[in-house]
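Enquirer: Listed here are the chains, written in short residue letters.
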Amino acid sequence: MTERTPRVDCVSALKELWDFLDGELTPDRLEAIRQHIDICSSCFPHYDFEKTFLEAIAATRPGCSAPDRLKARVEAALREAGYSGRCAR
Amino acid sequence: MTELENDRTEADARFEQEAVPWLDDVYRFALSLTRNEAEAEDVVQETFLRAYRSWHTYQPGSDARRWLFTIARNVFLRVRERGRRQVELEDGDVETLAAVREQAESRSESVDALLARIDLGPAIGDALGRLQEPFRSAVVLVDVEDQSYEAAAEILGVPIGTVRSRLFRGRRLLQQMLLAYASDAGFAAPSPSGDPA
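Sequence lines, in order, name chains A and B. Under my numbering, the first residue of the first sequence carries the number 1, and numbering increases by one thereafter. Under my numbering, the first residue of the second sequence carries the number 1001, and numbering increases by one thereafter.
Next comes chain A alone, as it looks inside the complex:
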C-alpha cells in the first residue's frame, strides 16, 4: 500500500503538536498528525493534556460586554474630539 501522506513519528508529532492544535498545518499534515495521535499510546496523553490546557486558556475569555457607562464615556471623549456619531445605544 502506498502512503499518501508523509510518515509521522512521535518526535515529529510532538514537535508539531501545538501547530496541530492551533490548526496551523496544511490539511495533509493535519490529517497525518491526527492519524498518528489517534493510534499512539505515547503521544495521545500529551495531546490530551495540551488540548485541555488550551481549552482552559480559551475559557478565560471574558463573556461580558462593555459596560454602558464605558460606552457613554467613550462617546463623550470622542465628542470632545469632534465626533458627531454615537457609541452608546
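Treat each hint with caution, since some may be false.
Unchecked claim - DMTMM-like cross-link-like pairs, simulated, lysine to aspartate or glutamate; straight-line CA separation at most 25 Å: (1) Lys15/A <-> Glu1150/B; (2) Lys51/A <-> Asp1146/B; (3) Lys15/A <-> Glu1145/B.
Claimed, not checked - Far from chain B, some chain A residues (derived; all Cβ distances over 12 Å): (4) Arg7; (5) Val8; (6) Arg29; (7) Glu31; (8) Arg34; (9) Gln35; (10) Ile39.
Because the hints were derived from the structure by calculation, they are not lab data. Where a beta carbon is used, it is the ideal one built from N, C-alpha and C, also for glycine.
Since the structure of chain A is already known, use the hints to place chain B on it.
Expert: Quick look at chain B alone, frame taken from chain A:
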C-alpha cells in the same frame, strides 16, 4: 453645510458603522490583556480616541477589528508597560519547541493528572495576569481571542515565526506557573528534575 462639514459627517458615520460596533470586542481584548476592569476601560477609551483621530488612515474594507486590536495592544503597552523592562527573549522556534517538549516529556503522568484535577480556570487567569510581555499578547490573541498566527502577526507587527516563538514560550511559562500553583495548593511537591515521585 459646507463640503468640509459634510466630509466630516460622512467620516463619522463610517466610524460609527465600522469601528464602534467592535467596542465590546476591544473591551474584552483589553480586559484579557490588563486583567483589570479600570485599566481595560482606560485602554478602550484611548484606543477609540486614537482610532478616531487616525480614521483617515483606515483602509475602507480592511479588517477594522484587527486594526482596533493593534491600536489597543499599543495603548496597553504604553499604559501598562511604561518604564517596565520587557522580556524580549525571542527564542528560535526549534529551541523553544525543544524546551517545551523536554518539559512535557520529563513530566510524569501524575503531573498531567494533577493539573487535570485542579481547577485550571482561576489559576490560568491569575497566571495570564502575571505573564510578561511580549508573551502575554501572543497568548491572548491566539488562545483567548482565537486569532490565527497570521492575524496575530499583523496585529503585533512581527513575523509569524516570532508569534509562534512568543506563543510557545508563553504557554510554557504558563504551564510552569500552574505547576507552581499546584505545588503551593498542596497538591504535590515540585519535581524540578522530572524524576518520578
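Enquirer: Next step is simple, just say for each hint if it's right about the structure.
Expert: To see whether the hints hold, each was checked on the structure:
With a C-alpha separation of about 20 Å, the suggested pair Lys15/A and Glu1150/B falls inside the 25 Å cut-off, and the hint holds. Between Lys51/A and Asp1146/B the CA atoms are separated by roughly 14 Å; this keeps the pair inside 25 Å, and the hint holds. This hinted pair checks out: Lys15/A and Glu1145/B have alpha carbons roughly 24 Å apart, not beyond 25 Å. Arg7/A, annotated as away from the interface, keeps every beta carbon of chain B farther than 12 Å; the closest lies near 19 Å.
Residue placement check: Val8/A keeps its beta carbon more than 12 Å from all beta carbons of chain B (closest about 15 Å). Distance check for Arg29/A against chain B: the nearest CB is about 15 Å away, which clears 12 Å, and the non-interface claim stands. No beta-carbon of chain B comes within 12 Å of the beta-carbon of Glu31/A; the shortest separation is about 19 Å. With a least CB separation of 19 Å from chain B, Arg34/A remains clear of the 12 Å interface cut-off, as annotated.
With a least CB separation of 20 Å from chain B, Gln35/A remains clear of the 12 Å interface cut-off, as annotated. Every beta carbon of chain B lies more than 12 Å from that of Ile39/A, the smallest distance being close to 19 Å; the non-interface claim holds.
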